[in-house]
Structures are given as structure tokens and as C-alpha cells.
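Student: Residue strings, one per chain:
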Amino acid sequence: MSTGNCGEWLDELAECVRRGVGPSGRLSAHLSDCARCGERWEAEWALSAELRELRMARAGQRSRDVWRRRLMAEFAGLERSSSRSRFRWAWIPASAALLAAASVQVWLGMPGRSVPARISVQSEDIASAGLVDTDEDNGFIPVPYALPLATGESVRIVRRELNGAELVRMGIDLPGAYAADLADDFEADVVVGEDELPRAVQLVSYPDL
Amino acid sequence: MEPSDEELYRRIRKGDRQALAELYERREPALYRYALQLSGNQATAEEAAHEAFLQLIQADARFDARRGSLQAYLYGVVRNLMRVAYRSQSVGPAGEVAVDDGVVQTLIEGEATRALSIAVRNLPPGYRDAVVLCDLEERSYEDAAKLVGCPVGTIRSRLYRARRLLAAKLRQYRLTPEKVTK
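Each protein sequence line maps, in turn, to chains A and B. Under the working numbering, the first residue of the first sequence is numbered 1, with each subsequent residue one higher. Under the working numbering, the first residue of the second sequence is numbered 1, with each subsequent residue one higher.
Quick caveat, the hints were computed from the structure, so don't treat them as lab data. Heads up, a few of these hints could be off.
[As the list claims (entries may be wrong)] Only some residues are given here: those of chain B computed to face chain A with a beta carbon under 7 Å:
1) Gly15
2) Gly110
3) Asp135
4) Leu136
5) Arg163
6) Ala167
Ideal Cβ placement from N, Cα and C applies to all residues, glycine included.
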């Protein structure tokens, strides 16, 4: 009795062995008739037994603790660097601001410098008050040869500590009688333009100068 | 209900260490076994499984849920690492890749099983994946197909062909053991 050609049984044969079940009626009949397929059936069973051995051999215990810890450490490291990069852009303006503030502090920390104390005022106010290009009656001494203020340019009045030498460098000619007294630092209100150059000075400590 | 792999991945991206630990516990053992079956070397397998997770946590991880499951991604990474490892090894005169059996072979007591282990690793990559996933990892055809990224029918036919090759190797080993294990 013919039970079909061998090719059509191969897959079913392998599937039966994989599942560990016996052959169906027709396959069983074919295996009885076909010595070659009978051998294959035996070979598949032997293979499955060896694969099972292989599976068991490799299911042995091992310690994953070291690898788990390594992974967690890597993850923590990545998180830290990620946090750093997340705030990288925020640090740029912050650093720039800090740098600028430090520069100002260093500059102000130089002899004769102090923290600005006055608020900004508009040049119109200064001009209308006659602070820049007026005579000495208002208390402000114009800085000679200073660049004129542009129209609409704002000025600020800042309080600084100056000394006589600095006034001389600005071109302000001090009467000889005061020169010796002005060797020490004194407070002054300085009118500065947007270019930060002084335009006029008022000596706070020596209002009658 | 436990969270899906993909949900854990989303949490990992937000820096959730617990999610990573959970995913590791869930997937690493099978991933390691898969790498072990492909490489036959415990150290290589451990490195590969570790590397797969490392790639997953990198800022530029290439996992895309639209392209497949996270599990498939992890298996894909290991598979690629194994391919690189195979390429870097010498190829014997018969065209078979010589594989260092490493520590794993000491766990295999039977000579025939040891020969089979070598034969599995020397199968063509597609066949090897099918045997490892379906017969050694005992995954369904559907699972294996998803992990490999091919149709179910392809996995099935590869598996049957691979088994025929392996059965022939085993039979040959029983006749002349020294030729097969060399």
C-alpha cells in the first residue's frame, strides 16, 4: 500500500518528534513502509534527546549580580551626565553673568573703586539739571575733553571711591591746596555715559570743592 | 498587571532605575541563554547580554516601538554582536567557523551533546536562530518569528532543515566521532 512520497512527511515527522507525540495513523503507516523515513524518525528522536541535554547543560546557575551592578552603575553615570547636559545651556548665561559680576567686582576692588550706588537717570534729566555741560555751581565738575553725549543717550550716576590721582588722570585740575587732602580715597558721584566713560564728577565728601 | 517592556523602557528613558532593574530581571536570563547558545562561550554571552542593555540605556538608543517589540530589539542587538564575533573568528578549511567553546563545554557531559553544541553554532545564521529559539529556548514559532523578524513559515522551514542537518551530523558523529568534533 502506498503511503505517499517521503517529502510530504518530513515536516510532520519533525513536528511530532518536537512535541514528543507519536505519529498519526497515516504517518505511522508510512514509517512502517519506508525504511528511510523510519531511520529519520529515529534520528529526530535522538536529536531531540541531545538538544534536551544541551538545554539542561546551559540552564546552569550563574551569578548575575556583578553584571546587574555594572549596568546600574552605567545607568547612574549616564543619568548624571545627562543631567549635566540638560543644564548645560542654562549654565552658559549663568556663567557669563557670574564672570561679568566677578569682573566688575575685581574692577571695583581696584584702588579707588567702589560699588555703584546711584540709580540710572536719563541724559535729558542730567542735561536739564545742568549736570554735564554746565559750570561747577551744580556741584558736578565736567570732565574736560570727554566725548559729548549723543542725542537720547542715557547716563548713569554711580557712586565710587576715587582719589586725587584719578581725578587728575580724568583731567580735572585740583587746586593745590586740596591736592594733599585728596591723597586718600573719597566718595564721589560720577556721571557715566553708555560707553561707561565719565562725563562729570561730584565729590560727595568734599562738597565745597 | 505588570507593565509591558515598552512601558518600562519609557520609564527608563526618564531615569527610572527600578524600571531598568525590572526589565533586566525579566529579559536578561533568556537573552543570556540565547547568546550562550549562539556563541558557546559564557563570557561572550554575558558580555553580549550586558551590551544589549547598555545600548538600550544610551541616549541615542535606536529602539523604535513602531518597528517591533523591545524584546526583538534586544535579541537583534545580541544577534548582531554574535555575527561580529563570528566574523572576527577564523574560518576553517571546510568553511565551518571555529568557535571557542569556553567554559560552557565543561558543563556538557556527553560527547555527543558537545558535538551537537558545536554543530548548532556552525549552522547558517538563519537556521541557527531557529534551532536556538524554538528548540533550545522552547519559544513558539510566532515568538521566534517576531524576534528574528521574519514570517512564521520561514522559521518553521528553517527549523526543519536545520534539524535535518543536525540529525545528519549527530548520526555522522556516532559513526566517526573525531571527524565531527574537530
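Student: Looking back at the numbered hints, which does the structure fail to meet, lowest number first?
Tutor: The structure breaks none of the hints.
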